[in-house]
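**Student:** Sequence:
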Amino acid sequence: MTNILTTETGRYVVQVYVGALSQHYEALSVEASKQTSSEEIVQCIVERLQLGNTINYELAEVVGDECGQECKERRLGPTECPVACMLLWPKDTDSTEDRYRFYLREKLNDNIWADGFNIDPELIRDYFYRFLYQPQDREYPDLCQLPDLNETTLLENLRARFNAGHIYTYVGSILIAVNPFKV
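Counting from 946, one number per residue, gives the positions in the sequence shown under the numbering used here.
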């Protein structure tokens, strides 16, 4: 059962699981208000664990399933308020374990995937221009490229392709065939 503990002063107790970041603690509790940011809680936990620079850590909201397995994780921004998140968690009285938790996580480098991976900016520009600038003759072999995909433009394009002798067209990976014997 997810317990939202409050103190006499109307502040809340936020429990942060630290996992492999500490050999001595499974979780640490921090007293916080509704306005306390995740950055402040991270700073408090990192100082308690003596992990060094707080900039390398962040708070994550983790949702587990009935078996205790972690199934969803969302990283909290530095200005988000964990107590506000806790107050949105469902009050599940049937469950014996906490399904919603906060974990202290090491920050991942946003550019880690791009290390050693050089992309030609011209190639990217050409790729996006293909989608931004549509053919002038208004015939689209793939209907996903229509600037406005609705019933009217879809039927107009099918009619134009049929009149040009093209009975096959696509919508993404879906093949559409117009029967040439039925008008």
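I should point out that these hints are in silico values taken from the structure, not numbers from a laboratory. None of these values were measured; they are calculated from a predicted model. From the three backbone atoms N, C-alpha and C, an ideal C-beta is built for every residue, glycine too. Fair warning: there could be bad hints in the mix.
No more than 25 Å apart at the CA atoms, straight line, and that leaves these computed lysine-lysine pairs for DSS-like [as the list claims (entries may be wrong)]:
{"id": "1", "residue 1": "Lys1036", "residue 2": "Lys979"}
{"id": "2", "residue 1": "Lys979", "residue 2": "Lys1017"}
{"id": "3", "residue 1": "Lys1052", "residue 2": "Lys979"}
{"id": "4", "residue 1": "Lys1036", "residue 2": "Lys1017"}
{"id": "5", "residue 1": "Lys1017", "residue 2": "Lys1052"}
Derived Cβ-Cβ restraints for the label pairs, each shown as a range [as the list claims (entries may be wrong)]:
{"id": "6", "residue 1": "Arg1019", "residue 2": "Gln1090", "range": "30 to 36 Å"}
{"id": "7", "residue 1": "Asn1095", "residue 2": "Ala972", "range": "18 to 24 Å"}
{"id": "8", "residue 1": "Gln1014", "residue 2": "Pro1086", "range": "41 to 47 Å"}
{"id": "9", "residue 1": "Cys1089", "residue 2": "Cys1016", "range": "38 to 44 Å"}
**Student:** Just tell me: holds or violated, for the beta carbon distance of Arg1019 and Gln1090 against 30 to 36 Å?
**Tutor:** Hint holds: Cβ distance 34 Å, inside 30 to 36 Å.
**Student:** Given the hint that Lys1036 pairs with Lys1017, does the C-alpha gap stay at or below 25 Å?
**Tutor:** Status holds; Cα separation ~18 Å.
**Student:** Is it true that Gln1014 and Pro1086 lie within 41 to 47 Å of each other by Cβ?
**Tutor:** Given range 41 to 47 Å: holds, Cβ gap about 45 Å.
**Student:** Measure nothing beyond the straight line between the CA atoms of Lys1017 and Lys1052; if it is 25 Å or shorter, mark the hint as holding.
**Tutor:** The hint holds at about 17 Å.
**Student:** Take the C-beta atom of Asn1095 and the C-beta atom of Ala972, compute their distance, and say whether it sits inside 18 to 24 Å.
**Tutor:** violated (52 Å)
**Student:** Run the distance test for Lys979 versus Lys1017: straight-line Cα separation, threshold 25 Å.
**Tutor:** holds (23 Å)
**Student:** Does the Cβ pair Cys1089, Cys1016 satisfy 38 to 44 Å?
**Tutor:** Because 32 Å falls outside the window, the suggested range is violated.
**Student:** Holds or violated: Lys1036 and Lys979, Cα atoms, limit 25 Å.
**Tutor:** Satisfied, since the Cα-Cα distance of roughly 18 Å is no more than 25 Å.
**Student:** Is Lys1052 close enough to Lys979, meaning Cα to Cα at most 25 Å?
**Tutor:** Satisfied, since the Cα-Cα distance of roughly 24 Å is no more than 25 Å.
In this structure, the hints that do not hold are numbers 7 and 9, in rising order.
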